[in-house]
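Number of protein chains: 2
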Amino acid sequence: MQTNIEESIKIYGKKIDDLLKEIIPPDRDDFLSEPIWHHLKTGGKRIRPAICLITCKELGGNPDEALHFALAIEILHNMFLLHDDIEDEDTMRRDQPTVWVKYGIANAINSGDYLLARAYHSILISPIPSDRKLKLLEIFNLTYEKTVEGQALDINARGVADYTVEKYLKLVRLKTGYYLACGMVGGAIVASENFEGTIDKIWALGKLMGPAFQIKDDLIDLTVGKGRGGVIGSDIQEGKASFLYAYTSEQAENNDKKSLIEIMTKQREETTDDDVKHVLDIYNKYGAIDHAQQYADDLIKQSYVIIDKIPTNNKTVFKDIANFMAQRMT
Amino acid sequence: MQTNIEESIKIYGKKIDDLLKEIIPPDRDDFLSEPIWHHLKTGGKRIRPAICLITCKELGGNPDEALHFALAIEILHNMFLLHDDIEDEDTMRRDQPTVWVKYGIANAINSGDYLLARAYHSILISPIPSDRKLKLLEIFNLTYEKTVEGQALDINARGVADYTVEKYLKLVRLKTGYYLACGMVGGAIVASENFEGTIDKIWALGKLMGPAFQIKDDLIDLTVGKGRGGVIGSDIQEGKASFLYAYTSEQAENNDKKSLIEIMTKQREETTDDDVKHVLDIYNKYGAIDHAQQYADDLIKQSYVIIDKIPTNNKTVFKDIANFMAQRMT
Numbered sequence: 001m002q003t004n005i006e007e008s009i010k011i012y013g014k015k016i017d018d019l020l021k022e023i024i025p026p027d028r029d030d031f032l033s034e035p036i037w038h039h040l041k042t043g044g045k046r047i048r049p050a051i052c053l054i055t056c057k058e059l060g061g062n063p064d065e066a067l068h069f070a071l072a073i074e075i076l077h078n079m080f081l082l083h084d085d086i087e088d089e090d091t092m093r094r095d096q097p098t099v100w101v102k103y104g105i106a107n108a109i110n111s112g113d114y115l116l117a118r119a120y121h122s123i124l125i126s127p128i129p130s131d132r133k134l135k136l137l138e139i140f141n142l143t144y145e146k147t148v149e150g151q152a153l154d155i156n157a158r159g160v161a162d163y164t165v166e167k168y169l170k171l172v173r174l175k176t177g178y179y180l181a182c183g184m185v186g187g188a189i190v191a192s193e194n195f196e197g198t199i200d201k202i203w204a205l206g207k208l209m210g211p212a213f214q215i216k217d218d219l220i221d222l223t224v225g226k227g228r229g230g231v232i233g234s235d236i237q238e239g240k241a242s243f244l245y246a247y248t249s250e251q252a253e254n255n256d257k258k259s260l261i262e263i264m265t266k267q268r269e270e271t272t273d274d275d276v277k278h279v280l281d282i283y284n285k286y287g288a289i290d291h292a293q294q295y296a297d298d299l300i301k302q303s304y305v306i307i308d309k310i311p312t313n314n315k316t317v318f319k320d321i322a323n324f325m326a327q328r329m330t
Numbered sequence: 001m002q003t004n005i006e007e008s009i010k011i012y013g014k015k016i017d018d019l020l021k022e023i024i025p026p027d028r029d030d031f032l033s034e035p036i037w038h039h040l041k042t043g044g045k046r047i048r049p050a051i052c053l054i055t056c057k058e059l060g061g062n063p064d065e066a067l068h069f070a071l072a073i074e075i076l077h078n079m080f081l082l083h084d085d086i087e088d089e090d091t092m093r094r095d096q097p098t099v100w101v102k103y104g105i106a107n108a109i110n111s112g113d114y115l116l117a118r119a120y121h122s123i124l125i126s127p128i129p130s131d132r133k134l135k136l137l138e139i140f141n142l143t144y145e146k147t148v149e150g151q152a153l154d155i156n157a158r159g160v161a162d163y164t165v166e167k168y169l170k171l172v173r174l175k176t177g178y179y180l181a182c183g184m185v186g187g188a189i190v191a192s193e194n195f196e197g198t199i200d201k202i203w204a205l206g207k208l209m210g211p212a213f214q215i216k217d218d219l220i221d222l223t224v225g226k227g228r229g230g231v232i233g234s235d236i237q238e239g240k241a242s243f244l245y246a247y248t249s250e251q252a253e254n255n256d257k258k259s260l261i262e263i264m265t266k267q268r269e270e271t272t273d274d275d276v277k278h279v280l281d282i283y284n285k286y287g288a289i290d291h292a293q294q295y296a297d298d299l300i301k302q303s304y305v306i307i308d309k310i311p312t313n314n315k316t317v318f319k320d321i322a323n324f325m326a327q328r329m330t
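Heads up: the protein sequence lines correspond to chains C and W, in order. Heads up, the first sequence is in the numbering used here, so the first residue is 1 and it goes up one at a time. Heads up, the second sequence is in the numbering used here, so the first residue is 1 and it goes up one at a time.
These aren't lab readings, by the way, just hints derived from the structure by calculation. Fair warning: this is a prediction, and the values are worked out from it, not measured in the lab. Think of the CB as a built atom: it goes at the ideal place given N, C-alpha and C, for glycine as much as any other residue. It is possible that part of the hints are untrue.
[Said to hold, decoys possible] Below, simulated BS3-like cross-link-like pairs (lysine-lysine); rule was C-alpha separation at most 30 Å, straight line: (1) K21(C) with K319(W); (2) K57(W) with K301(W); (3) K15(W) with K146(C); (4) K319(W) with K167(W); (5) K285(W) with K14(W); (6) K41(C) with K170(W); (7) K102(W) with K135(C); (8) K240(C) with K15(W).
[Said to hold, decoys possible] Footprint (simulated), chain C over chain W, 3 or more residues, beta carbon under 8 Å: (9) 18–32; (10) 80–87; (11) 117–129; (12) 133–141; (13) 167–174.
Next up, chain C with everything else stripped away, as it sits in the complex (with noise of 0.2 Å):
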């Protein structure tokens, strides 16, 4: 089933692609077409909407009448990544300069509040009923509120001394959670009338799924990298803290804990390879990087419990979407 979703990832990109044209045109003289598209046309693999349409198609609905919706969803997504790059001060994007480096902070946050714009009115010109677009409006305005709320707590997470694991787990439900399940949950809207049963149980899917999706994005940080020119441990440059970080803070003796934290505070700048070579070794010493796979692991399965209480006969879908997220998605 996993090639399916592949497949069916590249089918939708498409359509989402010429309804995003569609939406925001490109080259039009209004300062706000050229920072965006410079950002759009980096690129992206439209995974996100492709799964709102594909669980829509599996639980019996027209795919086409979700496309103003999931269309919706990508635009959030990149628009989170204009703010996010400016409020993270990243300079590089897949090998571009970031839009705030290019156009100056001033056009890249009137950028990002133009996206939004756009993608609410993707959501209101749906060809759905009223009170289905009413309710599709309800959870894109509650996933881009949380997310913004995960946010919040995420830039004020840099190198704080008493991190927990509990912190983060909350940071990443309300950052990636309600994100990740959103496109689902409106799937599963523009599906069916009777989605109610269904709608709470995908939410829940997206707390396990969220911190699942971060964690293994925390691992890769230290394995092959971020494709950022191959470099390991950039989280740990710009002081991130990411699960393995919460966890060792727990973990370690004081004076493990001072070195992890004296570095973690650091500047990114004034972070050096040894530096991040001893974080490492902190990180190793108390088995950080094999509890987060273990840990990863058991809230996917964690996961196949939800779906297996989700009211529909397809349940291998959202198991096939919950794996694919959770190796693939990055």
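Fit chain W to the given chain C structure using the hints.
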């Protein structure tokens, strides 16, 4: 009648403030409440939401049903202030450091994003039927989007050499026009099922009142100042593309135009008091100030013509609001 509007603003202001505290609770430990209330506590006269409620009542509706929408307008207004202060690099607002200065750019952007989520939320929980709720969401989103489009022009209009009155009007119709009209349009939608004939006229009114309001605001900067410690000509220091600048750019002879552009493109901190005085002299030489006053008054007169076409027995309220806004709103 003018006194009645001021009286209504006071009464409705209290209701708005109470609901604001419900929708955005102060003193939450979430890194959002604190920066947002740092900003909200600096004041604001709640004129925009009050005008929504006045319109609703005068058109025969129940203003309590419009309260959530009115609040959304107020929240949107504050969201723009948060983001604009970063974009314009303004360090002080109402004698307090701006949010980005006190809490950093990351928290300021994210707090603005959160405000927007809560504005949509406020509309989504309005106690009104679904079809009207959707209509309110549509006009709110349109207003948000057009204001952002106007801001894009504004960000990129500083010290532009070939600035014209036409460009100025396009900018302020987008950035100020929708915004001023939106509360009235929403009030009309809540008041009546047969709002179609009314709302087109109110949008048209916004396209006249937006520039009228903005031109008055441009003039205030040259007479009593904008409340920044009595400083006259801060728009000139900032190189802001005001009506005066647009008009004089078109009228001035080559030498004057050259001086004008030279001063307006200087960095704020490099603009001397003599520079400001020189620009004021050029404005006066071409009668820009009198022309601006006349132009704004003509826009108000044109707005009366539109108001006379609004299918309601109570046209006085719109004329009072138009006058009030053009004269008092800052």
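We went through each hint and held it up to the structure:
1. K21(C) with K319(W): It is violated: about 42 Å lies between the C-alpha atoms, which goes past 30 Å.
2. K57(W) with K301(W): With a Cα-Cα distance of about 25 Å, the restraint between K57(W) and K301(W) holds, given a limit of 30 Å.
3. K15(W) with K146(C): 27 Å, holds
4. K319(W) with K167(W): It holds: about 27 Å lies between the C-alpha atoms, which stays within 30 Å.
5. K285(W) with K14(W): 47 Å, violated
6. K41(C) with K170(W): At roughly 29 Å apart (the allowed maximum being 30 Å), K170(W) and K41(C) satisfy the hint.
7. K102(W) with K135(C): 37 Å, violated
8. K240(C) with K15(W): With Cα atoms ~42 Å apart, K240(C) and K15(W) exceed 30 Å; violated.
9. 18–32: holds (count 3)
10. 80–87: Coverage by chain C holds for the segment 80–87 of chain W (3 residues, Cβ < 8 Å).
11. 117–129: holds (count 5)
12. 133–141: Holds: 5 residues of the segment 133–141 of chain W have a Cβ under 8 Å from chain C.
13. 167–174: violated (count 0)
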